[in-house]
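> For reference, the chains in residue letters:
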Amino acid sequence: QKEVEQNSGPLSVPEGAIASLNCTYSDRGSQSFFWYRQYSGKSPELIMFIYSNGDKEDGRFTAQLNKASQYVSLLIRDSQPSDSATYLCAVLRNQGGKLIFGQGTELSVKP
Amino acid sequence: DTAVSQTPKYLVTQMGNDKSIKCEQNLGHDTMYWYKQDSKKFLKIMFSYNNKELIINETVPNRFSPKSPDKAHLNLHINSLELGDSAVYFCASRPEGGQGLTGELFFGEGSRLTVL
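Chains A and B are the protein sequences, given in the same order.
Residue 6 is where the first sequence starts when you use our numbering, and the numbers rise one by one after that.
Residue 64 is where the second sequence starts when you use our numbering, and the numbers rise one by one after that.
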């Protein structure tokens, strides 16, 4: 079992819809969770982080965390074609301070 | 003005050769990383240095040797290159007390290595 798992997609949504990206992790002791966005041919960039159970909103993005289920999600409201990218879920492993990434979900937003 | 810069951006070489990738950051961060991203976009940690000291050394063939001459530089040398080494190698740095309690990495643009 991989430490961080995501559906690789591609996930295709129409412009204006809500895109829902999901991630599960195996280390129950993990405390910090991150979403990175990577455009094709570019480097990853941090877009959201969350520590506490529940929702955290930032503009059109909402991160959701459920530690009991070991589940993290990212919702993108009013999806735009410019949101088309690969979204990487990452978990900070407390021991050693390693940031472990999932395999990424490719999102395509169709005009 | 580039915060984390890597050279070269593209590298095409033959199996068995030795090559190096260089990384420099001007952000004043103490911690730097090498990640490998394969063709399926999986980003896997390889090494991490904190202020020139090796702190993370994943299960990586010993053909890969990182070197950090100072905290602003982290280089990666690869001996006896194999086909499976073809990937994009990302250098990253992390601020102390950054967003997400040290989960915020600043990535370089990547170095695409192709082994023929």
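Heads up, a few of these hints could be off.
Below 27 Å or equal to it, Euclidean Cα-Cα: the simulated DSS-like pairs (lysine-lysine) are [said to hold, decoys possible]:
| hint | chain 1 | residue 1 | chain 2 | residue 2 |
| --- | --- | --- | --- | --- |
| 1 | A | 72 | B | 72 |
| 2 | B | 134 | A | 115 |
| 3 | B | 130 | B | 115 |
| 4 | A | 47 | B | 72 |
| 5 | B | 82 | A | 61 |
| 6 | A | 72 | B | 134 |
| 7 | B | 82 | A | 47 |
| 8 | A | 47 | B | 107 |
| 9 | B | 72 | B | 115 |
| 10 | B | 115 | B | 103 |
| 11 | B | 103 | B | 134 |
| 12 | A | 47 | B | 103 |
| 13 | B | 130 | A | 47 |
| 14 | B | 107 | B | 72 |
| 15 | A | 103 | B | 103 |
| 16 | B | 99 | A | 115 |
| 17 | B | 82 | A | 7 |
| 18 | B | 104 | A | 72 |
| 19 | A | 115 | B | 115 |
| 20 | A | 61 | B | 72 |
| 21 | B | 115 | A | 61 |
| 22 | A | 7 | B | 134 |
| 23 | B | 104 | A | 7 |
| 24 | A | 115 | B | 130 |
| 25 | A | 61 | B | 134 |
| 26 | B | 134 | A | 103 |
| 27 | A | 115 | B | 85 |
| 28 | A | 115 | B | 72 |
| 29 | A | 7 | B | 99 |
| 30 | A | 72 | B | 85 |
| 31 | B | 72 | A | 103 |
To give an idea of the chain A side of the interface with chain B (calculated C-beta under 8 Å), a few residues [stated by the list, open to error]:
| hint | residue |
| --- | --- |
| 32 | 37 |
| 33 | 42 |
| 34 | 49 |
| 35 | 66 |
| 36 | 95 |
| 37 | 109 |
What follows is a set of in silico ranges between Cβ atoms, one per label pair, in the way DEER data are often shown [stated by the list, open to error]:
| hint | chain 1 | residue 1 | chain 2 | residue 2 | range |
| --- | --- | --- | --- | --- | --- |
| 38 | B | 115 | A | 17 | 27 to 35 Å |
| 39 | B | 145 | A | 44 | 39 to 47 Å |
| 40 | B | 158 | A | 86 | 30 to 38 Å |
Simulated from the structure, these hints should not be mistaken for laboratory data.
Backbone N, C-alpha and C define an ideal beta-carbon position, used for all residues, glycine too.
> Decide, hint by hint, whether the structure agrees.
Outcome of the hint check:
For the proposed pair residue 72(A) and residue 72(B), the alpha carbon gap of about 39 Å is over 27 Å, so the pair is violated. Distance check on the hinted pair: residue 134(B) and residue 115(A) sit about 44 Å apart at the alpha-carbon level, beyond 27 Å; violated. A distance of roughly 8 Å separates the Cα atoms of residue 130(B) and residue 115(B); the hinted pair therefore holds under the 27 Å criterion. Only pairs whose Cα atoms come within 27 Å are accepted, and residue 47(A) paired with residue 72(B) is accepted, the gap being roughly 11 Å.
Restraint check for residue 82(B) and residue 61(A): the C-alpha separation of about 44 Å exceeds 27 Å, so the hint is violated. Proposed proximity of residue 72(A) and residue 134(B) is contradicted: the alpha carbons are some 35 Å apart, above 27 Å. Among the hinted pairs, residue 82(B) with residue 47(A) is consistent with the structure: their alpha-carbon atoms are about 22 Å apart, no more than 27 Å. A threshold of 27 Å between alpha carbons decides the hint, and for residue 47(A) with residue 107(B) the separation of about 16 Å falls inside it, so the pair holds.
Between the alpha carbons of residue 72(B) and residue 115(B) the distance comes to roughly 24 Å, so the proposed pair stays at or under 27 Å and holds. Using a Cα cut-off of 27 Å, the hinted pair residue 115(B) and residue 103(B) is violated, with the two alpha carbons roughly 31 Å apart. For the proposed pair residue 103(B) and residue 134(B), the alpha carbon gap of about 31 Å is over 27 Å, so the pair is violated. Of the supplied pair hints, the one linking residue 47(A) and residue 103(B) holds, its CA atoms being roughly 15 Å apart against a limit of 27 Å.
Straight-line distance between C-alpha atoms of residue 130(B) and residue 47(A) comes to about 25 Å, which keeps the hinted pair within the 27 Å bound. Between the alpha carbons of residue 107(B) and residue 72(B) the distance comes to roughly 19 Å, so the proposed pair stays at or under 27 Å and holds. For the suggested pair residue 103(A) and residue 103(B), the alpha carbons sit about 21 Å apart, so the restraint of at most 27 Å is met. At most 27 Å may separate the alpha-carbon atoms for a hinted pair to count; residue 99(B) and residue 115(A) exceed this at roughly 30 Å.
Only pairs whose Cα atoms come within 27 Å are accepted, and residue 82(B) paired with residue 7(A) is rejected, the gap being roughly 30 Å. A threshold of 27 Å between alpha carbons decides the hint, and for residue 104(B) with residue 72(A) the separation of about 26 Å falls inside it, so the pair holds. Using a Cα cut-off of 27 Å, the hinted pair residue 115(A) and residue 115(B) is violated, with the two alpha carbons roughly 46 Å apart. A threshold of 27 Å between alpha carbons decides the hint, and for residue 61(A) with residue 72(B) the separation of about 36 Å lies outside it, so the pair is violated.
For the given pair, residue 115(B) sits about 36 Å from residue 61(A) by alpha-carbon distance, which is inconsistent with the 27 Å threshold. Of the supplied pair hints, the one linking residue 7(A) and residue 134(B) is violated, its CA atoms being roughly 32 Å apart against a limit of 27 Å. Only pairs whose Cα atoms come within 27 Å are accepted, and residue 104(B) paired with residue 7(A) is accepted, the gap being roughly 15 Å. The straight-line distance between the Cα atoms of residue 115(A) and residue 130(B) is roughly 44 Å, outside the 27 Å bound, and the hint therefore fails.
Pair hint residue 61(A) plus residue 134(B) does not hold up; C-alpha atoms about 34 Å apart against a cutoff of 27 Å. Among the hinted pairs, residue 134(B) with residue 103(A) is consistent with the structure: their alpha-carbon atoms are about 18 Å apart, no more than 27 Å. For the suggested pair residue 115(A) and residue 85(B), the alpha carbons sit about 38 Å apart, so the restraint of at most 27 Å is broken. Of the supplied pair hints, the one linking residue 115(A) and residue 72(B) is violated, its CA atoms being roughly 31 Å apart against a limit of 27 Å.
Annotation: proposed proximity of residue 7(A) to residue 99(B) holds, straight-line Cα distance about 16 Å (limit 27 Å). This hinted pair does not check out: residue 72(A) and residue 85(B) have alpha carbons roughly 39 Å apart, beyond 27 Å. Simply put, residue 72(B) and residue 103(A) have alpha-carbon atoms about 25 Å apart, close enough for the 27 Å limit, and the pair holds. The interface hint given for residue 37(A) is met, as the beta carbon of that residue sits about 5 Å from the closest beta carbon of chain B, less than 8 Å.
The beta carbon of residue 42(A) comes no nearer than 11 Å to any beta carbon in chain B, farther than 8 Å, and the hint placing it at the interface is violated. Interface restraint check for residue 49(A): the shortest CB-CB distance to chain B comes to about 5 Å, inside 8 Å, so the restraint holds. With its C-beta approaching chain B no nearer than about 14 Å, residue 66(A) sits outside the 8 Å limit, and its interface hint is violated. With its C-beta approaching chain B no nearer than about 7 Å, residue 95(A) sits inside the 8 Å limit, and its interface hint holds.
Using the Cβ-Cβ criterion of 8 Å, the hint placing residue 109(A) at the interface with chain B is satisfied: the shortest such distance is roughly 4 Å. Taking the beta carbon of each, residue 115(B) and residue 17(A) are about 46 Å apart, not inside 27 to 35 Å as hinted. Between residue 145(B) and residue 44(A) the beta carbons are some 29 Å apart, a value that contradicts the proposed interval 39 to 47 Å. The hinted range of 30 to 38 Å is satisfied by residue 158(B) and residue 86(A), whose Cβ atoms lie roughly 32 Å apart.
The structure is inconsistent with the numbered hints 1, 2, 5, 6, 10, 11, 16, 17, 19, 20, 21, 22, 24, 25, 27, 28, 30, 33, 35, 38, 39, although it conforms to all the rest.
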